[in-house]
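Asker: Chain A is fixed; fit chain B onto it per the hints.
Protein chains: 2
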Amino acid sequence: MSQLRIALAQVNPTVGDLAGNSATVVEWTRKGAEQGAHLVVFPEMALTGYPVEDLALRKSFGGASRQAIEGLARDLDAAGLGDVAAFVGYLDLDEVGPRNAVAVLHGGAVVARQFKHHLPNYGVFDERRIFKSGRALEIVRVRGLEIGMVICEDIWQEGGPVSALGQAGVDLVVSPNASPYERAKDDQRLALVARRAAEAGAPLVYVNQVGGQDDLVFDGDSMVVDTGGALLTRAPQFVEHLTVLDLDLPGGAERVDRDTVDEFTVRRVVLSDVPVPAYEPLPAPGIAEPLPDVEEVWSALVTGLRDYARKNGFRSVVLGLSGGIDSAVVAALSADALGADAVHGVSMPSVYSSDHSKSDAADLAERIGLHYQVQEIKPMVATFVEQLGLTGLAEENVQARCRGMTLMGLSNQHGHLVLATGNKTELAVGYSTIYGDAVGGFAPIKDVPKTLVWDLARWRNAEAEKRGEIPPIPESSITKPPSAELRPDQKDSDSLPDYALLDAVLEDYVEGDSGYEDLVAAGFEPPVIDKVLQLVDRAEYKRRQYPPGTKISFKAFGRDRRLPITNAWREGRPATG
Amino acid sequence: MSQLRIALAQVNPTVGDLAGNSATVVEWTRKGAEQGAHLVVFPEMALTGYPVEDLALRKSFGGASRQAIEGLARDLDAAGLGDVAAFVGYLDLDEVGPRNAVAVLHGGAVVARQFKHHLPNYGVFDERRIFKSGRALEIVRVRGLEIGMVICEDIWQEGGPVSALGQAGVDLVVSPNASPYERAKDDQRLALVARRAAEAGAPLVYVNQVGGQDDLVFDGDSMVVDTGGALLTRAPQFVEHLTVLDLDLPGGAERVDRDTVDEFTVRRVVLSDVPVPAYEPLPAPGIAEPLPDVEEVWSALVTGLRDYARKNGFRSVVLGLSGGIDSAVVAALSADALGADAVHGVSMPSVYSSDHSKSDAADLAERIGLHYQVQEIKPMVATFVEQLGLTGLAEENVQARCRGMTLMGLSNQHGHLVLATGNKTELAVGYSTIYGDAVGGFAPIKDVPKTLVWDLARWRNAEAEKRGEIPPIPESSITKPPSAELRPDQKDSDSLPDYALLDAVLEDYVEGDSGYEDLVAAGFEPPVIDKVLQLVDRAEYKRRQYPPGTKISFKAFGRDRRLPITNAWREGRPATG
Numbered sequence: 001m002s003q004l005r006i007a008l009a010q011v012n013p014t015v016g017d018l019a020g021n022s023a024t025v026v027e028w029t030r031k032g033a034e035q036g037a038h039l040v041v042f043p044e045m046a047l048t049g050y051p052v053e054d055l056a057l058r059k060s061f062g063g064a065s066r067q068a069i070e071g072l073a074r075d076l077d078a079a080g081l082g083d084v085a086a087f088v089g090y091l092d093l094d095e096v097g098p099r100n101a102v103a104v105l106h107g108g109a110v111v112a113r114q115f116k117h118h119l120p121n122y123g124v125f126d127e128r129r130i131f132k133s134g135r136a137l138e139i140v141r142v143r144g145l146e147i148g149m150v151i152c153e154d155i156w157q158e159g160g161p162v163s164a165l166g167q168a169g170v171d172l173v174v175s176p177n178a179s180p181y182e183r184a185k186d187d188q189r190l191a192l193v194a195r196r197a198a199e200a201g202a203p204l205v206y207v208n209q210v211g212g213q214d215d216l217v218f219d220g221d222s223m224v225v226d227t228g229g230a231l232l233t234r235a236p237q238f239v240e241h242l243t244v245l246d247l248d249l250p251g252g253a254e255r256v257d258r259d260t261v262d263e264f265t266v267r268r269v270v271l272s273d274v275p276v277p278a279y280e281p282l283p284a285p286g287i288a289e290p291l292p293d294v295e296e297v298w299s300a301l302v303t304g305l306r307d308y309a310r311k312n313g314f315r316s317v318v319l320g321l322s323g324g325i326d327s328a329v330v331a332a333l334s335a336d337a338l339g340a341d342a343v344h345g346v347s348m349p350s351v352y353s354s355d356h357s358k359s360d361a362a363d364l365a366e367r368i369g370l371h372y373q374v375q376e377i378k379p380m381v382a383t384f385v386e387q388l389g390l391t392g393l394a395e396e397n398v399q400a401r402c403r404g405m406t407l408m409g410l411s412n413q414h415g416h417l418v419l420a421t422g423n424k425t426e427l428a429v430g431y432s433t434i435y436g437d438a439v440g441g442f443a444p445i446k447d448v449p450k451t452l453v454w455d456l457a458r459w460r461n462a463e464a465e466k467r468g469e470i471p472p473i474p475e476s477s478i479t480k481p482p483s484a485e486l487r488p489d490q491k492d493s494d495s496l497p498d499y500a501l502l503d504a505v506l507e508d509y510v511e512g513d514s515g516y517e518d519l520v521a522a523g524f525e526p527p528v529i530d531k532v533l534q535l536v537d538r539a540e541y542k543r544r545q546y547p548p549g550t551k552i553s554f555k556a557f558g559r560d561r562r563l564p565i566t567n568a569w570r571e572g573r574p575a576t577g
Numbered sequence: 001m002s003q004l005r006i007a008l009a010q011v012n013p014t015v016g017d018l019a020g021n022s023a024t025v026v027e028w029t030r031k032g033a034e035q036g037a038h039l040v041v042f043p044e045m046a047l048t049g050y051p052v053e054d055l056a057l058r059k060s061f062g063g064a065s066r067q068a069i070e071g072l073a074r075d076l077d078a079a080g081l082g083d084v085a086a087f088v089g090y091l092d093l094d095e096v097g098p099r100n101a102v103a104v105l106h107g108g109a110v111v112a113r114q115f116k117h118h119l120p121n122y123g124v125f126d127e128r129r130i131f132k133s134g135r136a137l138e139i140v141r142v143r144g145l146e147i148g149m150v151i152c153e154d155i156w157q158e159g160g161p162v163s164a165l166g167q168a169g170v171d172l173v174v175s176p177n178a179s180p181y182e183r184a185k186d187d188q189r190l191a192l193v194a195r196r197a198a199e200a201g202a203p204l205v206y207v208n209q210v211g212g213q214d215d216l217v218f219d220g221d222s223m224v225v226d227t228g229g230a231l232l233t234r235a236p237q238f239v240e241h242l243t244v245l246d247l248d249l250p251g252g253a254e255r256v257d258r259d260t261v262d263e264f265t266v267r268r269v270v271l272s273d274v275p276v277p278a279y280e281p282l283p284a285p286g287i288a289e290p291l292p293d294v295e296e297v298w299s300a301l302v303t304g305l306r307d308y309a310r311k312n313g314f315r316s317v318v319l320g321l322s323g324g325i326d327s328a329v330v331a332a333l334s335a336d337a338l339g340a341d342a343v344h345g346v347s348m349p350s351v352y353s354s355d356h357s358k359s360d361a362a363d364l365a366e367r368i369g370l371h372y373q374v375q376e377i378k379p380m381v382a383t384f385v386e387q388l389g390l391t392g393l394a395e396e397n398v399q400a401r402c403r404g405m406t407l408m409g410l411s412n413q414h415g416h417l418v419l420a421t422g423n424k425t426e427l428a429v430g431y432s433t434i435y436g437d438a439v440g441g442f443a444p445i446k447d448v449p450k451t452l453v454w455d456l457a458r459w460r461n462a463e464a465e466k467r468g469e470i471p472p473i474p475e476s477s478i479t480k481p482p483s484a485e486l487r488p489d490q491k492d493s494d495s496l497p498d499y500a501l502l503d504a505v506l507e508d509y510v511e512g513d514s515g516y517e518d519l520v521a522a523g524f525e526p527p528v529i530d531k532v533l534q535l536v537d538r539a540e541y542k543r544r545q546y547p548p549g550t551k552i553s554f555k556a557f558g559r560d561r562r563l564p565i566t567n568a569w570r571e572g573r574p575a576t577g
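Residue numbers (the working numbering), protein chains in the order written: chain A, 1 to 577; chain B, 1 to 577.
Okay, chain A solo, but in the shape it has when bound (with noise of 0.2 Å):
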């Protein structure tokens, strides 16, 4: 038996900051190897952030994405770690074109590149276009111990690179990832890296990273299983995280001596032969337990939400407060991701405004403790309606629109980043008014569906209850009928089927890209159908123009889900004959 230390990086880099996250590698490394760490491991493309996107395409970036690699090797030298073995995600561009690469950094040099192979080109990855694959595999050897790399997608398809990993003999692998957080996700991710451990016959070492990237976001949820599939350590969720982790490996790995494994070269490389001495292993770090999913989806927000203002220099948010239970949530979620001091409530009262719209407003900011302020829009409305001599929906439009103008005007006057408060619900069925309540840099709750909304706002008001805080959603925002408040004694019930039904129906249309037939096996009445989709697949355009927002299901709407503007196609029950 050969011993061995590793410590999982799971850090949150941003995209583009190769100074910065080169920075931050050196960092967590040394964290690492103060704790007597031989061997480090980032996530899929620390250096350079995750996902780059057309960035990939820039010889620019892919040749100073080379170039920081290489200077990354002799910081970690100059910093006296060049003897830890640190495997560092980054952009390759070499003469085939660019690669999604990991880079083993050791002794001032980078001394192995492992090279992506399965590229994914679903949902919200576009890899194909931005990447070429990897036919090789490169197996280092530390301490005498044969480790290989496998990059995110590459444990996620059954064959390639795992198995090719196992009949070439390692007695470790390593998987740098950059998994995107989807509500459920966590659940397959144990049995998936415990499966490719039984096929690489070795210990299988996860790292994932965290943070907010557009309307990404990554939950960490690193872990380490051994050869049998057991659970030797696993990370909280959407925080930065070192796990330091001592593994009893068996080593000598039965090492097949080709040079090629089914479409795979190998290349093997020598770091160090020379086992560790014995030595006393650390206490077993922890195993965390997978967040509940109302609290996971809560932390995912938060998260989204404040790398999103975080990174791209944000220190304040505004957003419009109805009294509803939409706006509700997203303030709740402002003060959580980056203080309540940060957060800019507006009430904007039309002639419509019930009074509990405006004590609920009120309410809601001194529960939470934001900034707070009316602005009457009746003059506003007042201007245009009667310069234009718009009625009906034109003239609720406006009402939204002149919201939206405010917060712009105070967005452009104070800087803070304004919030969308729509939900996904509302998205879906283009309840909402483009350049109205549609406004906004960041929509934080763009991907929960309406029925979600209020089981975060019940959860939330829990929690602060459990800590003995002030909840900080009123409840009649919670209980009491939704309304757009854009015409006297509106409802959504008016226009809508009840939230619970449609989010159901929603969820088969959207998420599960279901047809006519199938939504009427699944017990939906036709007339409802008929009504969602068509409301569906005409709001397409709102959509494209709605902001960025965290995706926590499986189907987001924007890069996961890419349909026509025009698009004359209406689901419906099939012809007969």
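Simulated from the structure, these hints should not be mistaken for laboratory data. One or more hints might be untrue.
Identical copies go unnamed one by one, so any copy, or any two together, can satisfy a pair.
What the hints assert, rightly or not - Straight-line C-alpha distance at most 27 Å; calculated DSS-like pairs for lysine-lysine: (1) Lys-542 / Lys-555; (2) Lys-555 / Lys-132; (3) Lys-491 / Lys-480; (4) Lys-59 / Lys-542; (5) Lys-132 / Lys-358; (6) Lys-59 / Lys-378; (7) Lys-59 / Lys-185; (8) Lys-132 / Lys-542; (9) Lys-491 / Lys-378.
Note that the structure is a prediction, hence the values are computed from the model and not measured.
Answerer: Here is chain B on its own, set in the frame of chain A:
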């Protein structure tokens, strides 16, 4: 020698409209048959329209397309057209997955299905996301002649199906396409088609669709070249067109008696074995000259705007008329696309508007004969500025946003499509107000650099003079220095480099993906590079919320250039050492 009469059906389908597109195929097959054609070739995915984007992933749509192609075969037969071999692009769905396919319809049935092999996954294309690749070649024998099929990208890539068809032995190759317009692309097409004909050892029939689909426009430019690469016919651009051509084919292509060639399996299908009895050929159809550059761009923009409006059910458009060149060009385009009576221009002067702004706008309206109204924004602006205490940039933006709200109000009240009038240069450097002048359902010139906007204006005026009509665009809109007129005596040149220089830098940075060193090598001054690149990088969030508009360049903003908003990468001189 064997004779064969071929019809090239350069049609304009609508995405998703299976019934309407089927009717188009029947109608155009009839037109071909009336002229005695033995085969009629339609564009790529003519049945479904192109691109269908993620609709390809919806099983109900794939199933409906497969049903519709079978139904179309029966419809053709029922219409007495079963003798004609119709080559029709459609979406296939089999157990492997969705396919970009061409069906041969004959005698009331689908007699062959060719699947696309090379799936483009760059630029605006996401075909590896949505289609599975084909590895088979279906060769149909029509009147004793062997006819192979290759779809769009299959002729843009070296090797693959064309070369395999050449080895297998064919008398003719037909190629259905949906190849989006880009400036100067037509110059490449002929050379490419000629090269592939040589590779196949047979004449090549190239049929491309026409019309607009969201941000893409297709120019047609269908053609036939003989085995030696000589151009036999070429269809005019941007119009639906039926070309009927008689070919003398040597016939008796050396048929390789193998089931596989290279990586492809080969299947031969016999439709009819007896050659056509000798007949008197029709006069050779014309060889249309591709349009000159500026006229071609104008036609692309008219087509893109016309089809976006028509296919989305809009009969009229509304836009702000500032007296400047951008809105003047968009107004003239709109009149050409939809007729002057469908165009509603609104002059929205503020306190900073010059006299010439108002008179030039009125002059433009009169020249074109569009509907014209003046809406002073002073009262609206004053309400916001005073109530919210706005100054500086916040005040400037309110002016632009009151204009946007005015246009949206008129749109909601009267059903017009709102047009955003920004050009590519503005969009690149963020010289526009989000929710202000960026408001719109469509942005006709969003991919047109400012310098080309002037060229378009001059060309359109000269064209009017040639036709003995009143030039639509006031001379002073072309010659005066551009200004946003959001503060006293403001000129674009106060904050931006000269447009000729700016467009040159942008062409290299945006279209060419040049890095800092490339730009220096191209002769630009570092302070100009720094300034322009910073503006471009910081404006990404605005571009995300901008309306769609017709792509005319190699790299349009949108699907062509996918960059993160949160992005710390800044081009700059590489650090030395």
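Asker: A separate judgement is required for each hint: does it hold in the structure or not?
Answerer: Hints versus structure:
Taking CA atoms no more than 27 Å apart as the test, Lys-542 paired with Lys-555 passes in both settings, with 17 Å inside one copy and 24 Å between copies. Taking the closest pair of Cα atoms, Lys-555 and Lys-132 come within 27 Å of each other both inside a single copy (26 Å) and across two copies (21 Å). In the homo-oligomer, the alpha carbons of Lys-491 and Lys-480 lie at most 27 Å apart inside one protomer (10 Å), although the nearest pairing across protomers, at 52 Å, exceeds that limit. Within a single copy, Lys-59 and Lys-542 get their C-alpha atoms only as close as 35 Å, which misses the 27 Å cut-off; across copies the closest is 25 Å, which meets it.
In this homomeric assembly, Lys-132 and Lys-358 never come within 27 Å of each other (Cα to Cα): the closest approach is 56 Å inside a single copy and 55 Å across copies. In this assembly of identical chains, Lys-59 and Lys-378 lie within 27 Å of each other by CA distance neither inside one copy nor across copies; the values are 54 Å within and 49 Å between. For a Cα distance limit of 27 Å, the shortest separation of Lys-59 from Lys-185 across copies, 24 Å, qualifies, whereas the shortest one inside one copy, 34 Å, does not. Taking the closest pair of Cα atoms, Lys-132 and Lys-542 never come within 27 Å of each other, the shortest separation being 35 Å inside a single copy and 31 Å across copies.
Taking the shortest alpha-carbon separations for Lys-491 and Lys-378, only the intra-copy value of 21 Å comes in at or below 27 Å, while the best inter-copy value is 35 Å.
Checked against the numbered hints given earlier, this structure breaks hints 5, 6 and 8; the rest are met.
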